[in-house]
Each structure stands twice: as structure tokens, then as C-alpha cells.
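Peer 1: Sequences are here, hints too, so could you generate the full structure?
From first to last, the protein sequence lines stand for chains A and B.
For the working numbering, add 657 to where a residue sits in the first sequence, where the first one is 1.
For the working numbering, add 419 to where a residue sits in the second sequence, where the first one is 1.
Be a bit skeptical, because a hint or two may be false.
[Said to hold, decoys possible] To be clear about the criterion: a stretch of chain B counts as covered by chain A if any three or more of its residues have a C-beta under 8 angstroms from a C-beta of chain A, and this derived list gives those stretches: (1) 531-544; (2) 654-665.
[Claimed, not checked] Label pairs and their computed distance ranges (CB to CB): (3) B:I496 - A:R689: 42 to 52 angstroms; (4) A:I837 - B:R422: 52 to 62 angstroms; (5) B:L619 - A:G802: 50 to 60 angstroms.
Derived from the structure by calculation, the hints contain no laboratory data.
The structure displayed is predicted, hence computed values, not measured ones.
Where a beta carbon is used, it is the ideal one built from N, C-alpha and C, also for glycine.
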Amino acid sequence: MNIINPALAGVLTGLVYGLMALGLSVIFGVVRVVNFAHGEMMTIAMYAAVVLFAALGLDPFVAVLPVAIAFFAFGYVIQRTLINPFVTRPEHSQFMLLVAVAIIMVNVLLMVFGPGARSVQLDALLEPIELGPLLLDRGKFLAAGVACATAALLFAFFRFARTGKAIRACADNYLGAKVIGLDVKKLYALTFGLGSACVAVAGGMMILLVDVTPTLGPAYTLLAFVIVIVGGLGSMPGALLGGVLIGVSEALAGLFIAPSAKSMASFALLILVLLLRPQGLLGKKS
Amino acid sequence: MNRATFLLAALLVALAALPAFANSYVLSVATLILFFAYTGQAWNVMMGFAGQLSLGHSLYVGVGAYAAAGLYFHFGIGPWAGLWLAALACAALGAAIGFLAFRFGISGVYFALLTIAFAEFTRIGFDHIAALGGPGGLFLKVEQREHLDLPNLRGPPAMFYYLMLALTAAAFALCAWLLKSRVGYYWQAIRENEEAAQALGINTFRYKMVAVLVSSVMTAVAGVFVAFYYSTLFPEQIFHISRSIEIILGPIIGGLGTLFGPILGAALLTILADGITELLAALGWEFPGIKQVFYGVVLLAVVMFLPNGVWPVLARRLGLAQRSASRGAA
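Peer 2: What follows is the structure, given as C-alpha cells:
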């Protein structure tokens with residue numbers, strides 16, 4: 658049995674997962690709020706890509722830009738208005754807030770689009786890419802490419818841009834950041850916006866790989882958690898690594914055990930990592 | 420007799436008399452309220468008393484339900500015996516999760532995610548157990564619903580109602596006692612400041628384990644009830660994360676760490692959900708999902724404006740708040 662091709666497909670899907678989880682990780686790393694509505698935001702981005710494709714004929718690779726900008730604005734506003742008062746509240750309180758947001762998101766999607774599955778089919782993506790003996794799905798390959806490029810942009814922003822450095826300062830030392838006069842509230846909102854934009858791009862790419870239904874949200878939320886915990890909560894490279902690991906383990910579990918057992922492999926991996934290295938593979942000890 | 424005891428006795432009498440007046444619809448809603456009050460109380464022992472956030476309590480409901488239902492289905496062993504297996508299985512699972520988490524210093528968000536992971540893992544596992552029906556579900560035979568057959572938990576809706584009422588009352592009494600016991604004070608110390616509790620010589624590992632065990636066994640009992648009340652079990656439904664969320668909504672909305680919070684929260688949420696359904700039906704607005712949107716909006720409002728839940732506010736109004744302790748016992 659050829660396991661290289663499925664494993665490679667797992668790596669490519671995993672990079673898109675990784676970008677989704679990166680959004681969660683960035684938000685948690687800075688704002689210290691776990692976004693329990695993350696997967697729901699992902700499905701909204703997927704529907705946005707479906708709508709733009711159906712209504713305007715926009716290819717998801719193009720549609721991803723306006724969707725990401727809209728999500729950035731949405732994330733900025735929701736952090737400023739809804740989430741900011743909760744930053745200092747206990748975890749269960751934040752959890753309840755975002756669960757309520759998630760419930761509203763899932764069901765608004767259900768009201769608007771109905772329970773059926775939607776997808777985007779691009780004829781240009783049907784032809785696979787041949788690399789010697791390897792056979793790559795063109796859609797997955799391009800989606801993974803976009804995911805990597807977006808992640809690289811984000812890394813560069815945090816490494817080199819003034820605002821990016823300021824955000825990292827907030828994450829490292831909240832009080833210190835306030836003392837030197839950083840506008841922490843604004844930087845938090847920016848961070849939530851950036852995290853949301855990551856999810857938007859990941860969703861726009863994911864629609865090339867899977868069909869979307871409104872109830873897919875909670876499963877993606879869980880997936881994002883698993884990835885981020887495996888990679889290390891708050892670690893940006895960790896999110897990508899976690900995504901790839903989960904992508905590969907899903908692909909291999911689907912191949913060797915049963916397709917229905919694929920998320921079991923991810924949860925087993927999660928339990929293992931939590932026990933052996935609770936801070937995650939690339940996480941720092943707190 | 421103080422005011423709280425009097426109100427409690429009045430409530431109990433009213434609830435005991437309910438089946439004489441209520442129709443079957445009201446009775447089923449009341450049974451559901453009591454179910455969530457009971458499971459909420461069980462969850463509250465872990466989170467409200469000892470401060471350990473579990474988001475995977477559907478695990479104990481599901482395993483408890485499948486344990487008792489499996490024994491009944493395959494061997495004809497009745498629920499009262501099955502209860503022991505259910506309790507044992509859930510205690511073992513709770514002990515495993517608690518041991519792994521607390522030994523390795525996993526807490527807060529990480530602990531919550533570990534509990535989700537175990538519940539999800541088990542859900543998918545049960546999808547692959549053919550002897551228990553797999554994803555197609557397990558169906559218990561219902562010979563009759565007319566006359567009382569307590570040993571096999573078969574009978575009219577009122578039987579299930581009284582059973583749930585007795586469980587809820589017992590859980591309330593147990594929690595009231597626990598909260599005032601030595602263990603209860605240890606839990607509250609751990610909840611408020613674990614390091615300080617440890618410094619005072621409290622074996623925090625042991626008492627966190629006790630909290631998980633009490634909570635998981637209490638929830639297992641609810642699982643047995645679910646199995647025989649509904650007589651159908653699907654892994655996809657019973658282990659689903661939304662079941663865990665339903666369980667914890669009541670205590671959080673009602674008032675975390677309080678004795679009345681889980682009961683009040685369960686009543687408010689169940690009545691709210693049913694009220695919204697009725698209202699929307701009356702208005703003719705019956706789109707799929709619209710009910711949950713309203714539910715989500717109300718939830719959002721409660722979380723934003725009543726961060727400590729409804730009970731502390733209500734208790735003050737009723738003149739029942741003895742102390743102004745922030746999350747203290749009510």
C-alpha cells in the first residue's frame with residue numbers, strides 16, 4: 658500500500674488546519690481568551706467563499722482577500738465591544754460568552770443557508786500535480802501554499818513591524834506595556850482582528866477541500882484546540898507543526914483504521930501530548 | 420425554621436403535588452428541568468465547589484447510560500444492579516482523568532480541554548462497539564408504560580418524574596452537607612487559591628480527586644436514568660459536546676458554587692427554550708435555527724450583565740443572602 662501520497666495529502670491539509678489554529682493561538686497568546694467560536698468563524702468564512710463564488714464568480718483564491726479584510730474588521734469590533742470587558746473575568750465566564758456567540762453563529766448560518774452541504778468546485782483544480790512518483794491534489798497544494806504564505810506574512814509582521822513588536826510586548830508583560838504607554842485595548846483588538854483574518858484565509862482555502870454545513874463549526878473549534886495544544890498554546894510555529902501532525906495522523910488513521918476513526922487519532926495524540934508535555938511540543942513552560 | 424428552609428419545603432411540596440395537576444407535556448418539561456438541575460448539581464461539585472472546569476460531563480452520562488443499558492439489553496440485568504456498574508465505570512474514568520491531569524499539573528483551560536478530549540474519544544470509540552449498537556444506536560425494549568414496574572424502571576411518566584425529583588432532592592441534600600463538611604471547606608480553599616490551600620497542609624491532589632469522583636458517580640446515576648427514560652441511545656447524541664454544555668449552562672446561569680443555582684438555572688433555561696419555541700410557533704416564525712439564535716442572545720445577555728448568575732441577585736431580593744461572600748454558599 659502506498660502511504661506516501663495519503664501522508665503528503667495529510668501534510669497539505671494539515672497546513673490549512675495549521676493556519677486556522679494559528680489564529681486561535683495568536684488570540685490566546687496575546688489576549689489570553691480562548692476563542693470557543695473559532696470553528697464557527699471558520700465555517701462563516703467558508704460560506705462567504707461559497708457566496709462570492711456563486712454570486713460573482715470569484716475564485717476562492719481571489720475571494721480570500723475581501724473575506725480576510727471583512728473578518729479583520731469583524732474581529733476588531735467584536736474584541737472592542739464584546740470580549741474586552743471579559744478579559745479580566747474568570748475562564749468559565751469567557752467560555753460562556755463565546756459559547757453564546759458560537760450558538761448564534763451556527764444557527765444564523767442554518768437560518769440563512771439551510772442544513773444542506775455547499776461546496777466550490779473549480780475545474781482547473783481537478784488535474785493533479787505529478788512530482789516524479791508523487792501525485793498531489795492541485796487544490797490541496799495551492800491551498801497549502803496560500804496558508805504558508807499567510808503564516809509567513811504573520812510571522813514577518815510580529816517579527817519586524819513596530820505594531821507587531823508592540824503586540825508581543827503586551828503578551829509578554831501586560832503591565833509593562835501599559836506603563837510605557839501602549840494602547841493595550843487597541844492592540845488586543847488588532848490581535849483579534851489578525852486572528853480572525855487567519856481563520857478567514859483558512860476557511861477560504863478549506864472550502865476547496867471539503868463541503869461545508871452549518872454544524873461543522875464545533876468540530877473545527879475542537880480541531881483547532883487539539884492542534885494548538887499539541888503544538889503549544891501561544892506558540893506560532895507550534896500551531897503549524899500541530900496542524901501538520903494532526904493532518905497526517907488523520908490521513909493515516911483514515912487509511913489504516915477507518916475513515917470514521919480519524920478524529921480519534923487526533924484526540925489520542927492530544928491526550929498523549931497533554932500527559933507527556935502539557936505545554937505542547939513547542940510551547941514554553943509557564 | 421428560617422426563611423430558606425421554609426421556601427425549600429414549600430417548593431418540595433409543590434413539586435411533589437405537580438403530577439396531580441400537570442398534563443403530560445408539563446410533566447415532561449418538569450422532568451427535564453429536574454434532570455438538568457441534578458446533573459448541574461453534580462457538575463457544580465467539581466467546578467463550583469472545587470474550581471475544576473470540566474467540559475466533558477457528557478462522558479459520564481453516556482458511559483453510565485451505556486453500562487446500565489448494555490447489561491439490561493444483553494443479560495436482562497435490571498437498572499438497580501446496572502447502577503453499580505455505571506457508577507464503577509464512571510468512577511474509574513473520573514479517577515483516570517483526575518489522576519492524569521492532577522499528577523501532571525494540568526489545570527484551567529488545559530484541564531477543560533482534556534475532559535473534552537476524553538468525551539470525544541469515547542464518543543468515537545462507542546461508534547465502533549458493535550455489541551452496543553455502534554452509530555446505529557442501542558434500543559431498549561419498552562413492554563408497557565401503564566403500570567408501575569420499579570425494578571425494571573418501566574412505568575408511566577410520573578414515575579420518572581418522581582424518580583428525578585428524589586434524585587434532585589438527594590443531590591441537593593448531599594451537596595448542602597458536603598459544602599458544610601471538612602471536605603467542602605477544603606474544596607473552597609482549593610478553588611479560591613490552590614497554592615495557599617497547599618501551604619496550609621491540605622492534600623490538594625486528594626481532595627481534587629474526591630471532587631471528580633463524587634461528581635462523576637453522581638452524573639453516572641443520571642446516565643442510568645437517561646437510558647431507561649428515553650430507551651434509545653446514540654453515541655453521536657449522548658456523548659456530544661453540546662450535551663456537556665447543556666449540563667453546565669444551568670449552574671453558570673443560576674449561580675456557580677451555590678446550592679440553588681443549578682436548580683434555578685435549569686428551570687430558567689428549560690422554560691426559556693420551551694417558551695421561545697411556543698412564542699415562535701405562535702408568531703409563525705418557524706425557521707430551523709431561529710430558536711437557538713434567540714437562546715444564544717439571551718445567554719449572551721445573562722453572561723454579560725449577571726456575571727455571578729441569577730441566584731445571588733434573587734437571594735438578595737428574597738432576603739436569603741446570609742453573607743455577602745462573593746461566591747459563598749447560599
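Peer 1: Do I837 of chain A and R422 of chain B keep their Cβ atoms within the hinted range of 52 to 62 angstroms?
Peer 2: Taking Cβ atoms as reference, I837 of chain A and R422 of chain B lie about 54 angstroms apart, which means the hint holds.
Peer 1: Lying within 50 to 60 angstroms: is that true of the beta-carbon distance L619 of chain B to G802 of chain A?
Peer 2: At 57 angstroms between Cβs, range holds.
Peer 1: How about the segment 531-544 of chain B: do at least three of its residues have a C-beta closer than 8 angstroms to a C-beta of chain A?
Peer 2: Held - the segment 531-544 of chain B has 10 residues with a Cβ nearer than 8 angstroms to chain A, which meets the minimum of three.
Peer 1: Taking the Cβ atom of I496 of chain B and the Cβ atom of R689 of chain A, is their distance within the range 42 to 52 angstroms?
Peer 2: 49 angstroms, holds
Peer 1: How about the segment 654-665 of chain B: do at least three of its residues have a C-beta closer than 8 angstroms to a C-beta of chain A?
Peer 2: holds (count 3)
This entry satisfies every hint, going by the numbered hints stated previously.
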